[in-house]
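For what it's worth, our numbering labels the leading residue of the sequence shown as 13, then goes sequentially.
No wet-lab data here; the hints were simulated from the structure. Keep in mind that this is a model prediction, so the values were computed, not measured. Treat each hint with caution, since some may be false.
[Unchecked claim] Below, in silico cross-link-like pairs of lysine-lysine (DSBU-like), each with a Cα-Cα straight-line distance of 30 Å or less:
#1 LYS68 <-> LYS50
#2 LYS54 <-> LYS74
#3 LYS89 <-> LYS74
[To be verified] Per label pair, the in silico range of CB-to-CB distance:
#4 LYS74 <-> LYS20: 28 to 36 Å
#5 LEU67 <-> GLN32: 17 to 25 Å
#6 THR52 <-> ARG109: 44 to 52 Å
#7 HIS71 <-> ASN40: 15 to 23 Å
#8 GLU53 <-> LYS74: 38 to 46 Å
#9 GLU93 <-> LYS20: 15 to 23 Å
#10 SER51 <-> ASN30: 48 to 56 Å
Ideal placement from N, C-alpha and C gives every residue a C-beta, glycine not left out.
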Amino acid sequence: MVGLLGKKIRMTQIFDENGQVIPVTLINAGPCYVTQIKSTEKDGYDAVQLGYVELKEKHSNKAQVGHCKKADLKTLKYLHEFKLFKNRELKLGDELRVDIFSIGQFVNISC
């Protein structure tokens, strides 16, 4: 289970072929970057940490800058861990976009 970080843009509505109104939330998701990979051997669990929204270096602290530089990335504002299943091959610095999801796939969204 890997996810993406994103930002809510706005609420709107669309109409289906029968004229029914369907409420829709527009989300700007990704791109997210792999900033850290945790493994069972080293950390006791499998997870991947993703970063979202580039941040100017002057607006972040040295710990943030150093953490992102390990993955050869610019400083990222938001960091979040996702549980990682073994069949997923990710490397530090990989970019994830919405194309990791398939059409019609259900997703969980949380704030």
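For which of the previously enumerated hints does the structure constitute a violation, in increasing order of number? Violated: hints 5, 6, 8.
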